[in-house]
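Student: Protein sequence lines, in the order shown, are assigned to chains A and B.
Going by the numbering used here, the first residue of the first sequence is number 1, and it counts up by one from there.
Going by the numbering used here, the first residue of the second sequence is number 1, and it counts up by one from there.
None of these hints come from the bench; they were simulated from the model.
For each residue, glycine too, the CB sits at the ideal point set by N, CA and C.
Treat the hints loosely; a few may be bogus.
Claimed, not checked - Mimicking DSS-like on lysine-lysine, the simulated pairs with C-alpha atoms at most 25 Å apart in a straight line are: (1) Lys33(B) x Lys285(A); (2) Lys64(A) x Lys101(B); (3) Lys64(A) x Lys285(A); (4) Lys164(B) x Lys33(B).
Said to hold, decoys possible - Heads up, incomplete: computed chain B residues facing chain A, CB under 10 Å, no partners named: (5) Leu97; (6) Ala100; (7) Ala128; (8) Leu130; (9) Asp131; (10) Asp135; (11) Gly137.
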Amino acid sequence: MQHLLGIEDLSTQDLEALLRLTDTMAEISERPIPRVPALRGKTIAWLFYEDSTRTRLSFEAAAKRLSADTMNFSVSSSSVKKGESLRDTVQTMSAIGVDSIVVRHASSGVPVRIANWTDAAIVNAGDGWHEHPTQALLDAYTFGVHRGSMSGSRIAIVGDIKHSRVARSDVLAFTKLGAEVVLVAPPTLLPPYLDAWPVQVSHDLDAVLPTVDAVYLLRMQNERMDEALLPSLREYASRFGLTPRRLELLKENALIMHPGPMNRGVEICSEAADHPNSVITNQVKNGVSVRMAVLFQLLGSGPVQHQSAPQQEVA
Amino acid sequence: MAERERRTTPPYGGVFVARTQIMSADDVQRAVKRMAHEILERNSGTENLVVIGLQTGGAPLAEQIAEAIGAIEGSPPPLGTIDVALYRDDIGLRPVLPEAKTHIPVDLTATHVVLVDDVLFTGRTIRAALDAVHDFGRPRSVQLAVMVDRGHRELPIRPDYVGKNIPTRRDEIVDVQDDGVQLGELAPKGLA
């Protein structure tokens, strides 16, 4: 695996292998000294053109637990303000010498473009509306930790699907792992052509909630909407938010998931966010382990095992 | 040429083809008992003793040694496993096995750690294990028990307890299993 550009490039076996590798990485974080020298000497650069708290810190923790060196590129204090192009920025980083670039950008397709300009391993930390593969991986991993294999499960993704790269990556990842996915949103927040998506679609959250093993809530993304797609946030919350009343409709052990940051009171009420079935903080914790697995896979390892049969061990 | 250098591309390992049986299952069991006695003699008992098996080859052996020590002394020492895949210096050449778990049940500070592995060859695995063990505390001593020492050390590492010394060629493979120790070679997958 040379880059992680999207879940669309990964097979089911690739996904399962990364999730198994995440178990190994999760154990490291529990140690008295949560660090291994696996990526010693490797340099990983953060290229974040969009704001991020959890993703960037999560990647940073992951890199440091693998003993990699990190290099931060912050748009606000860089030559981008002087008008430097993306290409020149990337080629400058390349000339300084980085082994991997983790990139988040407002335009879809930036990671694959960058991959052509440098030998570094590219990790997509979110590009436009296209994909956010590490989020989908940590979502799948978190579900696996709490409920076992996704195969045969039913998961609802609720919210602004149209503008959500998280939703797109999740749909791909969850269906590749064998789950049934139902999208719940008002028609204005659904992408126009859903026939080719391996999902069911509903506009009725009340009807869907009792049938699912996990409900995944997307943030109402104000900054992505340039059209009047909702009457008001209050109406969205009453029709599509996970309100205290809707909490009662969920199955007893259904998981409540959210990529963060939450708009409490809009797509999710505080009772749901703080509910025992909410795995939202676990998602964040697992994000570090998942990103360790991704970075190790790209920069440190041999090819990942697909079968469970152990290889002949030679010392 | 060391095995790891020969196999720089997948598939790793290939298929082990046995040529000679070096130790029978009984020989292995007797060696385990002898090493357990030697460990107890050298450490004057089980006080502060911790037995740690290197994944994946050393883990079953460590269990047997701990059990043997328990049978002699009355209670077995704490037993752990450690996966050194992420500490190796040839890290790009060997995949990380998901079943190789690290589990260290006690703080290793001020303990006498006995590392257990099946085969001692270049010594690089043990070097990695020394680094890994020190991430769990500062042991008072680290000792090494191996079932087979096959020579060809590349680092100044030596075992404290050995089941059997077997001179080998570099391209041979030593395979330790419950049913004995075999000497053989690696055939690429698809050929026998």
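Student: Each hint: holds or not?
Tutor: Each hint, compared with the structure:
The suggested pairing of Lys33(B) with Lys285(A) is violated, with an alpha-carbon distance near 45 Å, which exceeds 25 Å. Only pairs whose Cα atoms come within 25 Å are accepted, and Lys64(A) paired with Lys101(B) is accepted, the gap being roughly 21 Å. Distance restraint check for Lys64(A) and Lys285(A): the Cα-Cα separation of roughly 15 Å lies within the 25 Å cut-off, and the hinted pair is therefore satisfied. Among the hinted pairs, Lys164(B) with Lys33(B) is consistent with the structure: their alpha-carbon atoms are about 13 Å apart, no more than 25 Å.
This hint holds: Leu97(B) has a C-beta 6 Å from the nearest C-beta of chain A, less than the 10 Å allowed. Proximity of Ala100(B) to chain A holds as hinted, the smallest CB-CB distance being about 8 Å (cut-off 10 Å). Annotation: Ala128(B) was flagged as interfacial toward chain A, and the flag holds, the nearest CB pair being 9 Å apart, inside 10 Å. Below 10 Å, beta-carbon pairs count as interface contacts, and Leu130(B) has none with chain A, the closest being about 12 Å; its hint is therefore violated.
For the restraint placing Asp131(B) at the interface with chain A, the shortest Cβ-Cβ distance is roughly 7 Å, inside the 10 Å limit, so the hint holds. A hinted interface residue such as Asp135(B) counts as satisfied when its beta carbon comes closer than 10 Å to some beta carbon of chain A; here the least separation is about 5 Å, so the hint holds. Hint status for Gly137(B) relative to chain A: holds, with the closest Cβ pair at about 7 Å, below 10 Å.
Violated hints for the displayed structure, listed by number in ascending order: 1, 8.
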